[in-house]
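Model the full structure from these sequences, guided by the hints.
Listed below, chain by chain, are the residues.
Number of protein chains: 4
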Amino acid sequence: MHNKKVMQRMLTIEGHIKGISRMVENDDYCIDIIRQIQAVQSALNKVSALILDDHLNSCVITAIQGEDVGERERVLDEIGEIFSQTSKG
Amino acid sequence: MHNKKVMQRMLTIEGHIKGISRMVENDDYCIDIIRQIQAVQSALNKVSALILDDHLNSCVITAIQGEDVGERERVLDEIGEIFSQTSKG
Amino acid sequence: MHNKKVMQRMLTIEGHIKGISRMVENDDYCIDIIRQIQAVQSALNKVSALILDDHLNSCVITAIQGEDVGERERVLDEIGEIFSQTSKG
Amino acid sequence: MHNKKVMQRMLTIEGHIKGISRMVENDDYCIDIIRQIQAVQSALNKVSALILDDHLNSCVITAIQGEDVGERERVLDEIGEIFSQTSKG
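If you read the protein sequences in the order shown, they are chains S, W, F and H.
The first sequence begins at -12 in this note's numbering and counts up one residue at a time.
The second sequence begins at -12 in this note's numbering and counts up one residue at a time.
The third sequence begins at -12 in this note's numbering and counts up one residue at a time.
The fourth sequence begins at -12 in this note's numbering and counts up one residue at a time.
Mixed in with the good hints, there may be bad ones.
Unchecked claim - Below 25 Å or equal to it, Euclidean Cα-Cα: the simulated DSS-like pairs (lysine-lysine) are: (1) 5(W) x 33(W); (2) 5(S) x -8(H); (3) 5(H) x 33(H); (4) -8(F) x 5(W); (5) 33(W) x -9(W); (6) 5(F) x -8(W); (7) -8(F) x 5(F); (8) 33(H) x 33(W); (9) 5(W) x 5(F); (10) -9(W) x 5(F); (11) 5(H) x -8(S); (12) 33(F) x 5(W); (13) 5(S) x -9(H); (14) 5(H) x 33(S); (15) 5(F) x -9(F); (16) 33(F) x -8(F); (17) -9(F) x 5(W); (18) 33(W) x 5(F); (19) 33(F) x 33(W); (20) 33(H) x 5(S); (21) 33(S) x 33(H); (22) 33(W) x 33(S); (23) 5(H) x 5(S); (24) 33(S) x 33(F); (25) 5(H) x -9(S); (26) 33(F) x 33(H).
Everything labelled a hint here was simulated from the structure, so no lab data went into it.
See below:
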């Protein structure tokens, strides 16, 4: 599982966010700040992808191989939902 | 399955695209054209979501309940891939 | 201006959309269809970028150099709006 | 200008990121974590929009009203660039 990798990335992202706050405070050039925000967003997307990967390879497999049809539907609906949400950004 | 619904939406999107081409041809106001493109993008996202829903409720269930571990991995990796791709827009 | 280039790309996108409709009709593999939809989305993003570029280099310059402050605000607000909308996918 | 509002939002986002790190550490449900990441992405989009708004109403107006054509082009190209980047997520 990617738990350790995800934690490390989250810490990096936290540092990145603090750096952006400093840029805002220092009244840095707007476009440079927006670019840094876009870089953080890209890093967050990668974290989401890692977590989804873990989820597919654990909970989703368990639910689909299990006998609880309601639980299986719930788990599959959730994947659909976060996909739709991602498309919306 | 959503096949019929998807077909209908694809036809609507095709008409929408033709309308946008006409707007470009007529040299319509740029922002109006961009807004129409954004509306088509949103419609395409909904089509993708419907197709993914079908996919999760057919191929994914079949693969995970099947005994071919390689096939299962392949199917789960694909979900991860299109999710990452969507995050990139 | 990019008008000709945009028209050509719109025609290509129209053909692409028709191809996707055929894939849906033929009941092609869901993930392949979703990937084609993502390719169209990417092509539409490029068209939007071209149109925005034209817009910035014509209407936006005219409005900002003009003396109508209301018009200038309107034009700048529109840029902000389509940016926010894009972020939402 | 939105500098104060942006700073406040960045601090909120920093807290949000820390909360997500804790969720990862506690091995919370994957989908819940992904949803929180999506909420942060949405908050970052809003910050970008505020900063772009400031930028359009200051640097962009100055550059377009100025006499340095190269500078004007540079500023307009940057807008196009961050727009394209946003479309890519």
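Here is how each hint holds up against the structure:
1. 5(W) x 33(W): This hinted pair holds, its Cα atoms lying about 19 Å apart.
2. 5(S) x -8(H): holds (16 Å)
3. 5(H) x 33(H): Roughly 19 Å between the alpha carbons, so the hint for residue 5(H) and residue 33(H) holds.
4. -8(F) x 5(W): holds (16 Å)
5. 33(W) x -9(W): With Cα atoms ~14 Å apart, residue 33(W) and residue -9(W) stay inside 25 Å; holds.
6. 5(F) x -8(W): holds (16 Å)
7. -8(F) x 5(F): holds (20 Å)
8. 33(H) x 33(W): holds (23 Å)
9. 5(W) x 5(F): Between residue 5(W) and residue 5(F) the Cα gap is close to 11 Å, so the pair holds against 25 Å.
10. -9(W) x 5(F): holds (15 Å)
11. 5(H) x -8(S): Holds, at roughly 16 Å.
12. 33(F) x 5(W): Distance ~17 Å between residue 33(F) and residue 5(W) Cα, so the pair holds.
13. 5(S) x -9(H): holds (15 Å)
14. 5(H) x 33(S): holds (17 Å)
15. 5(F) x -9(F): holds (22 Å)
16. 33(F) x -8(F): holds (11 Å)
17. -9(F) x 5(W): Given that 25 Å is the threshold and the Cα spacing comes to 15 Å, the pair holds.
18. 33(W) x 5(F): Given pair residue 33(W), residue 5(F) holds - Cα atoms ~17 Å apart, limit 25 Å.
19. 33(F) x 33(W): holds (20 Å)
20. 33(H) x 5(S): Given that 25 Å is the threshold and the Cα spacing comes to 17 Å, the pair holds.
21. 33(S) x 33(H): Satisfied, since the Cα-Cα distance of roughly 20 Å is no more than 25 Å.
22. 33(W) x 33(S): holds (23 Å)
23. 5(H) x 5(S): It holds: about 11 Å lies between the C-alpha atoms, which stays within 25 Å.
24. 33(S) x 33(F): holds (23 Å)
25. 5(H) x -9(S): holds (15 Å)
26. 33(F) x 33(H): holds (23 Å)
In this structure, every one of the numbered hints holds.
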